[in-house]
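Student: If you want the building blocks of each chain, they are given just below.
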Amino acid sequence: MTQGFLSRNPSVLIFLLALSIFTLVVTVLSNAYGLDLVSTSMVKTLGKTLCLCLIALAMDLVWGYMGILSLGHFAFFGLGGYMVGMWLMYARTRDIVLSSAAGLPMTPQELNDAIATQIFGVVGTSEMPAVWAFAGSLPAQLALVLIVPGLLALVFGWLAFRARVTGVYLSILTQAMTLALALYLFQNDSGLRGNNGLSGLQNIPGLAWAGQDRLSVWFLWASALALGLGYLAATFIVSGKFGSVMRAIRDDEARVRFLGYPVEGYKLFVFTLTALIAAIAGALYYPQAGIINPAEIAPIASIYLAVWVAIGGRGRLWGAVLGAAFVSLVSTWFTGGRAPDLNLGFYIVKWVDWWQVLLGLSFVLVTLFAPKGLSGLVDLLTGLRPPSRRGAPLGPNEGALQEREAQE
Amino acid sequence: MRRLLLALAASLALSAPLCAQDAPSEPSPVAAEAPASGLAAVIAEHKADIAKPSRQSIAPVIAALGKAGPGAPDFLEAWADKALGSRKSDGAIFRVKKAGAGYALFDPVTGADAGEAPRAEISEIKPNAGVRGLIAAALIRFQLSDPDIAKRQAALTALSRDGGPQHLEPLAAAIADEPDPAIRAQKERMLGLLTIRFGTDPAARVAAIEGFGADLGLDFRAALNPLLATKRQAFNAAPEGNVAAELRPGKPGFSAEEAYDLLVAEGRAPARLTRADLRAALEAHIENGAVAGIPLADLDTPARRDAAYTALEGAGAVPAAATDDEVAQSVAAHRYADIYAEPDAAVTAAAASALKSVSLKVDAMHGADLALDALSLASIYFLAAIGLAVTFGVMRVINMAHGEFITMGAYTGYVVQQHISDYTISILVALPLAFAVTFAAGVAMERLVIRHLLRRPLETLLATFGISIALQQLFKNIFGTQARPLTAPEWLDGAWVLNDIVGISYIRIAIFVLALVFLGLFLFVMNRTRLGLEVRAVTQNPSMAASMGINPDRINMLTFGLGSGIAGIAGVAIGLFAKVTSELGADYIVQSFMTVVVGGVGNIWGTLAGAALVGGLQKGIEALNPSNTLAAQTYMILFIIVFIQFRPRGIIALKGRAAGD
Numbered sequence: 001m002t003q004g005f006l007s008r009n010p011s012v013l014i015f016l017l018a019l020s021i022f023t024l025v026v027t028v029l030s031n032a033y034g035l036d037l038v039s040t041s042m043v044k045t046l047g048k049t050l051c052l053c054l055i056a057l058a059m060d061l062v063w064g065y066m067g068i069l070s071l072g073h074f075a076f077f078g079l080g081g082y083m084v085g086m087w088l089m090y091a092r093t094r095d096i097v098l099s100s101a102a103g104l105p106m107t108p109q110e111l112n113d114a115i116a117t118q119i120f121g122v123v124g125t126s127e128m129p130a131v132w133a134f135a136g137s138l139p140a141q142l143a144l145v146l147i148v149p150g151l152l153a154l155v156f157g158w159l160a161f162r163a164r165v166t167g168v169y170l171s172i173l174t175q176a177m178t179l180a181l182a183l184y185l186f187q188n189d190s191g192l193r194g195n196n197g198l199s200g201l202q203n204i205p206g207l208a209w210a211g212q213d214r215l216s217v218w219f220l221w222a223s224a225l226a227l228g229l230g231y232l233a234a235t236f237i238v239s240g241k242f243g244s245v246m247r248a249i250r251d252d253e254a255r256v257r258f259l260g261y262p263v264e265g266y267k268l269f270v271f272t273l274t275a276l277i278a279a280i281a282g283a284l285y286y287p288q289a290g291i292i293n294p295a296e297i298a299p300i301a302s303i304y305l306a307v308w309v310a311i312g313g314r315g316r317l318w319g320a321v322l323g324a325a326f327v328s329l330v331s332t333w334f335t336g337g338r339a340p341d342l343n344l345g346f347y348i349v350k351w352v353d354w355w356q357v358l359l360g361l362s363f364v365l366v367t368l369f370a371p372k373g374l375s376g377l378v379d380l381l382t383g384l385r386p387p388s389r390r391g392a393p394l395g396p397n398e399g400a401l402q403e404r405e406a407q408e
Numbered sequence: 001m002r003r004l005l006l007a008l009a010a011s012l013a014l015s016a017p018l019c020a021q022d023a024p025s026e027p028s029p030v031a032a033e034a035p036a037s038g039l040a041a042v043i044a045e046h047k048a049d050i051a052k053p054s055r056q057s058i059a060p061v062i063a064a065l066g067k068a069g070p071g072a073p074d075f076l077e078a079w080a081d082k083a084l085g086s087r088k089s090d091g092a093i094f095r096v097k098k099a100g101a102g103y104a105l106f107d108p109v110t111g112a113d114a115g116e117a118p119r120a121e122i123s124e125i126k127p128n129a130g131v132r133g134l135i136a137a138a139l140i141r142f143q144l145s146d147p148d149i150a151k152r153q154a155a156l157t158a159l160s161r162d163g164g165p166q167h168l169e170p171l172a173a174a175i176a177d178e179p180d181p182a183i184r185a186q187k188e189r190m191l192g193l194l195t196i197r198f199g200t201d202p203a204a205r206v207a208a209i210e211g212f213g214a215d216l217g218l219d220f221r222a223a224l225n226p227l228l229a230t231k232r233q234a235f236n237a238a239p240e241g242n243v244a245a246e247l248r249p250g251k252p253g254f255s256a257e258e259a260y261d262l263l264v265a266e267g268r269a270p271a272r273l274t275r276a277d278l279r280a281a282l283e284a285h286i287e288n289g290a291v292a293g294i295p296l297a298d299l300d301t302p303a304r305r306d307a308a309y310t311a312l313e314g315a316g317a318v319p320a321a322a323t324d325d326e327v328a329q330s331v332a333a334h335r336y337a338d339i340y341a342e343p344d345a346a347v348t349a350a351a352a353s354a355l356k357s358v359s360l361k362v363d364a365m366h367g368a369d370l371a372l373d374a375l376s377l378a379s380i381y382f383l384a385a386i387g388l389a390v391t392f393g394v395m396r397v398i399n400m401a402h403g404e405f406i407t408m409g410a411y412t413g414y415v416v417q418q419h420i421s422d423y424t425i426s427i428l429v430a431l432p433l434a435f436a437v438t439f440a441a442g443v444a445m446e447r448l449v450i451r452h453l454l455r456r457p458l459e460t461l462l463a464t465f466g467i468s469i470a471l472q473q474l475f476k477n478i479f480g481t482q483a484r485p486l487t488a489p490e491w492l493d494g495a496w497v498l499n500d501i502v503g504i505s506y507i508r509i510a511i512f513v514l515a516l517v518f519l520g521l522f523l524f525v526m527n528r529t530r531l532g533l534e535v536r537a538v539t540q541n542p543s544m545a546a547s548m549g550i551n552p553d554r555i556n557m558l559t560f561g562l563g564s565g566i567a568g569i570a571g572v573a574i575g576l577f578a579k580v581t582s583e584l585g586a587d588y589i590v591q592s593f594m595t596v597v598v599g600g601v602g603n604i605w606g607t608l609a610g611a612a613l614v615g616g617l618q619k620g621i622e623a624l625n626p627s628n629t630l631a632a633q634t635y636m637i638l639f640i641i642v643f644i645q646f647r648p649r650g651i652i653a654l655k656g657r658a659a660g661d
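Residue numbers (UniProt numbering), protein chains in the order written: chain A, 1 to 408; chain B, 1 to 661.
Only chain A is shown next, with the shape it has when bound in the complex (with noise of 0.2 Å):
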């Protein structure tokens, strides 16, 4: 108990040194600030990369401590991102508005008309839905990416937890949340345009003056900021007491509940606060993407999430980060056309079509062979060995008996 929260974490203080030489490295190469060696585009995939890593983070949380798949975590992201891209594209449509205006100073009305019609035009409707009231003012809207995530995160967490729906069944039921949020934004009469989602997010307005060149470096900055701080916050959660209860309800739910703890409470605690992370991740996201639809919501990327957190080794916070990271870079690299065709002689293996094959039985082959993911790889390297107590681990769902003691 003496010791303080660094030294008994040594590897907050690795984490947050790389993170920050990572962000200078990219500062110093880049076009706004430097020597113009890596460009915009690249800073941006590199500030996304962040804040998937962030989202990777939450998602190690709920499942690698807690033992909660989650396949519904990206629609916390999405939502962080729906509600910040709701004041970007409103904002910026006002100043495109009001500096075409001519004639008469427009009323209030006529402002929010001219602003509907340019916004949905795109759904045939000209009518600013009730879900954009506060797309006016950037304090609400940030407010909202929390309001809203945390908010549909508490009710069905609620819901979820109360039933005691647990393993795949709650599995099965956060996909099909995703898939419900996915299927409503998808029509045009959500209010959130439909399948067009919103676009022009990387256009902040009052910035215009910044270009790209900078707001892409100024967003890797509070991407990786935002990141810094989730991986504190993260490590002083699960290094407590607290964290001993979440990895107790991971190994053994219902001995943890004999044992006087509200299990649900941590459970709805942990969920809501993941999705927190998840929708501010994804608020950060968005702007540099540039666009958002409910594609980016549908089940499959909340799997993804789930495969990031698997190769990278789950149940450490570090490995989660790796493994989003290395992931969707190298996804990235194979699906962007960059990488050379590989010749076998009778057949041409073009990795654009191939990549997904590979990835899916890679994962395949790191669940059988590898559950620990990158981060045993590390281990590896660092001769870091787990004591050798004879035959295979039965999984989080056995607790930490191995096969032999189990058997005895």
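By construction, these hints were calculated from the structure, which means they are not laboratory data. By construction, the Cβ of each residue, glycine as well, lies at the ideal position given by its N, Cα and C atoms. Hints may be right or wrong, so weigh each one.
Partner residues aside, some chain B positions facing chain A, computed with beta carbon under 10 Å [to be verified]:
hint, residue
1, 448
2, 461
3, 462
4, 590
5, 594
Okay, the calculated bits of chain A under chain B, using three or more residues with CB under 8 Å as the criterion [to be verified]:
hint, stretch
6, 79 to 87
7, 167 to 179
8, 303 to 315
9, 363 to 370
Derived DEER-like restraints, expressed as beta-carbon distance ranges [said to hold, decoys possible]:
hint, chain 1, residue 1, chain 2, residue 2, range
10, B, 546, A, 382, 22 to 28 Å
11, B, 297, A, 159, 50 to 56 Å
12, A, 134, B, 513, 52 to 58 Å
13, A, 213, B, 261, 54 to 60 Å
14, A, 330, B, 525, 43 to 49 Å
15, A, 37, B, 280, 53 to 59 Å
16, A, 382, B, 418, 41 to 47 Å
17, A, 265, B, 452, 33 to 39 Å
18, A, 131, B, 353, 43 to 49 Å
19, A, 147, B, 353, 51 to 57 Å
Given the coordinates of chain A, work out where chain B should sit on it, guided by the hints.
Tutor: Same frame as chain A, now just chain B:
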């Protein structure tokens, strides 16, 4: 027989002109007395009118021709087809046909060869569209009593497309002699419809409407609806005409604004000043950055704009706009009513009550149709989910690649059809082959992956998901992204149509039957065979089953293969009506999960109940909001999330020891 008659008519017609010349201007008595000789006489009499027909004067001629006896229909047809010509020297009418430099001539009545004539001597007769319409109307009479049943049918079809008041009388005349009962019924029905629409006697029309009762035909409703069409009108005094309903402004459904708009539209009141007009008027009077002395920057609220406009009015710069008081006054000074386009009140009352009873019946039928739709959707979900339920029930393993096994089955069907061109045989081959292929794939997956992840269900879920994305991309690489055809055999084309509302395609019936067959098969295997006994034992308690000499590994493998094989067969069935793409299975996988989760694990009846609930719910919500299937799916999923609150283990949950935990 017909030719013989024509020849007879022709030989008589040769001797006809003599008596025809004496015939009075109304030739029908002659035609009635000597039908054989009538046509030629009538033609000869009216040859000038026939050669230069005009819409106004030709009607009696056509009527006379129509009554002129055998040969008349052919003659009229030739006339309408512009196949007649008149000889310039004496005006005689012939059927003409271009032949070389001149025309080949034929007798107008018999069609017998009548020599040739140079081009200059013949002028072709080209009746205009109006005349041709009259001729066609006259022809209907003959077609309706044509000996050829196909022609009668065609005439009725033509009538149902564009029947008119002129068809009433010939149709009524053609009913009595109709030998075929089906056609006769059709004719009577058509007569009723035409009477409703075009009849002149209100009593007859009311009788015709009541004669239909609560008939479900679309044509009956199409005949009724125009009768009940209303037009909203404003009146200075009491409403005139066939009033459907009198309206009071301010009541629900008819606001004071609408009333005033109606007055404006009818020219009874001046238009109100719209916001856009106000803005335009103000903008037209900007002077030195101000309007009527009010600076531009201040004109950003409606109140200030109104003030500026009033100021302009005072200066006489803009016309006075109707004030709210004037609007209220003129609205109050008028009465409003919906007026039927149909003037006769008895007819509209009968039509309204008929339509009401029809719509009641229509609603009931829609309900039945909906139930059929829901049943067919439920059987599709059942087929897609049953394999999933088997593996989940026995092994507690969620197979995310289940959807890809469905796709695999559909592609197997496609490949089989590439090699076997007969669709019936190819489907019969494809069904077992799809089972075999997906059975093998399932067994391979179980042996290679799932066996090593037993008792780690979440990891199994993820591993099978990895297989799923790999397979999906593999299908894309092999078969391309475009949809591949999987054609149903001809005997499955079409639909079983009960009436205009209730109908279901044969493919869906076949899928329903297939689902029933699988239900039966599954029940048999599970309850009546050694394999089923062992599967049930492993489901309930694997270690106890193992100690009784059952090999759980083998059972798991077989179960997984069986579940996958059923998915393959479901794939062939789904592929018959859906597009076969690499995403086919993924489209059904979430609904399949829902079915399993809602239904409960480890019991086939649970899956059945789940499929019925999910399918019925989806169709039911769709019916409430038919334009939006996305919303239906959204609400269905929300319902399921709530449903899980009350029955976390599904509709039919295993109890006691069988539940495992």
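Student: Are the hints correct? Go through all of them and say.
Tutor: The hints, checked one at a time:
For the restraint placing residue 448 (chain B) at the interface with chain A, the shortest Cβ-Cβ distance is roughly 9 Å, inside the 10 Å limit, so the hint holds. For residue 461 (chain B), the interface hint holds, since its Cβ comes within 10 Å of a Cβ in chain A; the closest pair sits about 6 Å apart. Evaluation of the residue 462 (chain B) hint against chain A yields a held restraint, the C-beta minimum of about 6 Å falling below 10 Å. Interface restraint check: residue 590 (chain B) against chain A, minimum CB-CB distance 6 Å, threshold 10 Å, status holds.
Because the closest C-beta pair between residue 594 (chain B) and chain A is about 7 Å apart, less than 10 Å, the hint holds. Counting residues of the stretch 79 to 87 of chain A whose beta-carbon sits less than 8 Å from any beta-carbon of chain B gives 0, not enough to reach three: the coverage restraint is violated. Under the rule that three or more residues need a Cβ within less than 8 Å of chain B, the assignment of the stretch 167 to 179 of chain A holds, with 10 such residues. Requiring three or more residues with a Cβ within less than 8 Å of a Cβ of chain B, the coverage given for the stretch 303 to 315 of chain A holds, as 4 such residues are present.
A stretch counts as covered by a chain when three or more of its residues have a beta carbon under 8 Å from one of that chain; for the stretch 363 to 370 of chain A and chain B the count is 4, and the coverage holds. For the hinted restraint 22 to 28 Å between residue 546 (chain B) and residue 382 (chain A), the CB-CB distance of approximately 42 Å leaves it violated. Between residue 297 (chain B) and residue 159 (chain A) the C-beta distance comes to about 53 Å, which sits within the given range of 50 to 56 Å. In this structure the supplied range 52 to 58 Å holds for residue 134 (chain A) paired with residue 513 (chain B), their Cβ-Cβ distance being about 55 Å.
The hinted window of 54 to 60 Å between residue 213 (chain A) and residue 261 (chain B) holds, with their beta carbons roughly 55 Å apart. For the pair residue 330 (chain A) and residue 525 (chain B), the supplied restraint of 43 to 49 Å holds, since their beta-carbon distance comes to about 46 Å. Between residue 37 (chain A) and residue 280 (chain B) the beta carbon distance is about 57 Å. The supplied range of 53 to 59 Å therefore holds. As the Cβ distance of residue 382 (chain A) to residue 418 (chain B) is approximately 56 Å, the hint placing it in 41 to 47 Å is violated.
Between residue 265 (chain A) and residue 452 (chain B) the beta carbons are some 36 Å apart, a value that agrees with the proposed interval 33 to 39 Å. Residue 131 (chain A) and residue 353 (chain B) have their C-beta atoms about 46 Å apart, which keeps the hinted 43 to 49 Å range intact. At roughly 55 Å, the beta-carbon separation of residue 147 (chain A) and residue 353 (chain B) lies within the given 51 to 57 Å, and the hint holds.
Comparing the model with each numbered hint stated earlier shows that hints 6, 10 and 16 do not hold.
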